[in-house]
Amino acid sequence: MTRPSSDGFVPQFTRFALGSPSVDQVAVEERALSLARRSIKKGAKVAGLKLAVAMMDLTTLEGKDSAGKVRALCNKALRPLESDPSVGTCAAICVYPNWVATAKQALEGSPVKVASVATAFPSGQSPLAIKLEDVRRAVDFGADEIDMVIDRGAMLSGQYAKVFDEIAATKEACGTAHLKVILETGELGSYDVVRKASEIGIAAGGDFIKTSTGKVQPAATPAVTLVMLETIRDHYYATGHRVGMKPAGGVRTAKQALHYLVLVKETLGDDWLTPDLFRFGASALLNDVLMQLEKERTGNYQASEDFSKD
1 MTRPSSDGFV
11 PQFTRFALGS
21 PSVDQVAVEE
31 RALSLARRSI
41 KKGAKVAGLK
51 LAVAMMDLTT
61 LEGKDSAGKV
71 RALCNKALRP
81 LESDPSVGTC
91 AAICVYPNWV
101 ATAKQALEGS
111 PVKVASVATA
121 FPSGQSPLAI
131 KLEDVRRAVD
141 FGADEIDMVI
151 DRGAMLSGQY
161 AKVFDEIAAT
171 KEACGTAHLK
181 VILETGELGS
191 YDVVRKASEI
201 GIAAGGDFIK
211 TSTGKVQPAA
221 TPAVTLVMLE
231 TIRDHYYATG
241 HRVGMKPAGG
251 VRTAKQALHY
261 LVLVKETLGD
271 DWLTPDLFRF
281 GASALLNDVL
291 MQLEKERTGN
301 YQASEDFSKD
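Counting in full-length UniProt numbering, the sequence shown tops out at residue 310, every number present.
The set of hints was computed from the structure by calculation and includes no laboratory data.
Zero decoy hints are in this set.
Below, a list of computed lysine to aspartate or glutamate pairs in the DMTMM-like style, where the Cα atoms sit at most 20 angstroms apart: (1) 41 x 266; (2) 69 x 108; (3) 50 x 296; (4) 42 x 288; (5) 162 x 133; (6) 162 x 207; (7) 255 x 294.
Beta-carbon label-pair distances, calculated as ranges: (8) 156 x 30: 20 to 28 angstroms; (9) 140 x 43: 39 to 47 angstroms; (10) 86 x 123: 39 to 47 angstroms.
We put the beta carbon where it would ideally sit given N, CA and C, even for glycine.
Work the whole structure out from these sequences, hints included.
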């Protein structure tokens with residue numbers, strides 16, 4: 001990765017994905033659909049659902065967020081299903097920078113990470129200096145992970161050097177915090193552009209690539225996630241370096257979560273079936289997964305109101 005200059009901007013663009021392979025739309029959509037038809041037996045289903053819980057970034061990114069709401073979400077991440085202690089903690093809490101310190105305090109001593117959105121989330125429409133200050137502030141507050149958004153206007157107008165440089169500068173501003181690069185795939189228009197954006201995000205230093213902010217539809221889809229997983233696979237084959245993946249937005253049911261885990265296993269293998277390399281951006285997903293786990297444990301569905309909404 002090129003190094004930033006003293007003002008934090010990376011002036012030099014290095015070679016990356018100029019020869020990106022074209023994505024066969026029909027083939028990728030058919031493969032994603034075929035993998036959704038895989039039959040998962042009861043034992044594997046329960047193990048998969050527990051793994052999905054361990055991979056969740058519980059998220060609240062609303063104007064009405066409060067300290068009480070953030071603490072409640074942290075408590076849910078620590079004890080997702082109190083009736084079944086075999087269900088472990090979630091991977092992380094994702095909040096705006098102002099709530100990072102609150103989350104860190106609530107999660108102190110636990111393995112649950114605190115992630116924060118930054119870089120003028122969700123639009124990304126601010127000068128780079130402001131974006132980098134946003135990142136540094138979140139890290140100073142204690143964020144373990146930063147979820148940044150790329151400049152989609154620059155990406156769609158072919159300003160690939162600008163996209164690369166901003167990601168590289170953001171990575172530098174993260175220090176030891178991990179960086180997730182949000183592509184906002186619903187605005188990129190084609191799988192070819194998603195592929196190229198994925199390659200740029202990886203080449204510029206992203207620890208994860210992420211589909212969406214959750215504020216734009218369509219967000220995560222199996223097909224667009226498969227394109228991103230294949231980019232990660234090809235990068236690993238070429239370099240031996242593992243990059244993580246995070247579908248976010250639109251993954252709402254236990255059945256969908258299991259489908260995404262099948263996509264990961266069949267594309268990247270068991271090494272990626274860990275919270276260190278795969279996450280779900282989840283706000284509505286957790287309760288459905290917990291309902292399914294209780295159904296498998298007791299034989300009966302609980303009412304949705306039996307699970308907290310926070």
